[in-house]
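J.: With the hints as a guide, bring both chains together as one complex.
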Amino acid sequence: AQSVTQPDIHITVSEGASLELRCNYSYGATPYLFWYVQSPGQGLQLLLKYFSGDTLVQGIKGFEAEFKRSQSSFNLRKPSVHWSDAAEYFCAVGRNQAGTALIFGKGTTLSVSS
Amino acid sequence: NAGVTQTPKFQVLKTGQSMTLQCAQDMNHEYMSWYRQDPGMGLRLIHYSVGAGITDQGEVPNGYNVSRSTTEDFPLRLLSAAPSQTSVYFCASRASGGTYEQYFGPGTRLTVT
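Sequence lines, in order, name chains A and B.
Residue 17 is where the first sequence starts when you use the working numbering, and the numbers rise one by one after that.
Residue 2 is where the second sequence starts when you use the working numbering, and the numbers rise one by one after that.
Extracted from the complex, chain B is given alone in its bound form (with noise of 0.2 Å):
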């Protein structure tokens, strides 16, 4: 199986433009979650997901949208890019029994001019 998988690699989007960063996971994992990762400031964690319809707020969400129609895939939306939201995006997800164990995706990485 593929594990993590996410698109696109890169991007530049334009201040105020909209996109939508995929993420999807073939490990039937339970949980999904969506971190930024900016220099000095480790990883931090914008929303997540316990299951199909039911999301929650992480640590820095402003900005950020995300819904879980399906097991599978769990999109992190940007309405409205700003170049405050540059940064190195990673999808994460992890069954919900077992060891606890996080497995990555291989990120994406946003410039927004």
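Pulled out of the complex, with its shape left as it was, chain A reads as follows (with noise of 0.2 Å):
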């Protein structure tokens, strides 16, 4: 079955620094598979995704992502981070070829010191 692993539950960064929060996924077939934010009491946004094409995805807000077929990864990086970017980040994986529906992982809470 269709699995998303999250090893990070929380993670701290200093403001100005890089991030790398890392996702893993297990899937028979080649993955859609998505990032996304979502601040506090709010909803869900999508940061980026990759289908096919480039394993360099960019996204919104200056976040990218590098899918690793051999290494079964989608790691999410931000090269400088800034104190809006706290919120809580979830991986997500097609749930089948047509990906009618998404399995998430469980999540990934950042924050941002000064």
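Note that these hints are calculated values from the structure, not bench results.
We treat Cβ as the ideally placed atom computed from N, Cα and C, and that holds for glycine.
There are no misleading hints in this set.
Some residues of chain B that are not near chain A, with every Cβ distance over 12 Å (derived):
| hint | residue |
| --- | --- |
| 1 | PRO9 |
| 2 | VAL13 |
| 3 | LEU14 |
| 4 | LYS15 |
| 5 | GLY54 |
| 6 | ASN66 |
| 7 | ASP74 |
| 8 | ARG78 |
| 9 | THR112 |
Interface residues of chain A toward chain B, partial, derived using beta-carbon atoms under 7 Å:
| hint | residue |
| --- | --- |
| 10 | TYR48 |
| 11 | LYS122 |
| 12 | GLY123 |
T.: So, in structure tokens, the structure goes:
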């Protein structure tokens, strides 16, 4: 069955420092992969997605992610974190080849220190 | 267009009561799904639908029913609410082709006492 693992429950990064959030997936075929962000009390916002082509994907707010099939990973990166990036981040994989629904990881909470 | 709408925004139920969470989308999307979000658990798929009249179970379907009589609406029914169903519920939709992006509603916060 498909699954998504986000190994880090909580990460604290200094403002201006770089960020990498880890995501590992389990899926038999080529996966459709997503990163979402959720600010406290808010809904989900799509940061970026991968479903084919270039394995380095650019998203909104300066985020990028790299799909590595050999490592079953889709890690999210940002070169310089801003205080407004503090939120919860979710990695997700399409539930099947049609991507009718998503399987989410348990999330990583990002805190930004000044 | 309004995108994905959910009503109500907040609801408090007593154990054993029933209710329906409403979800509607105006984008003519074929696929719709329901998730629940609990602290430390991420979002878990409850039920999903690939079109009017077609539904299937997700990861945590027990205690929930769905139906899809129109493309626009995908209500989630709790027949006999339990405290374990206290959660935030999100509805989502996407088109059958394109970029596979799911569009999420704003959520319903449900408390069962």
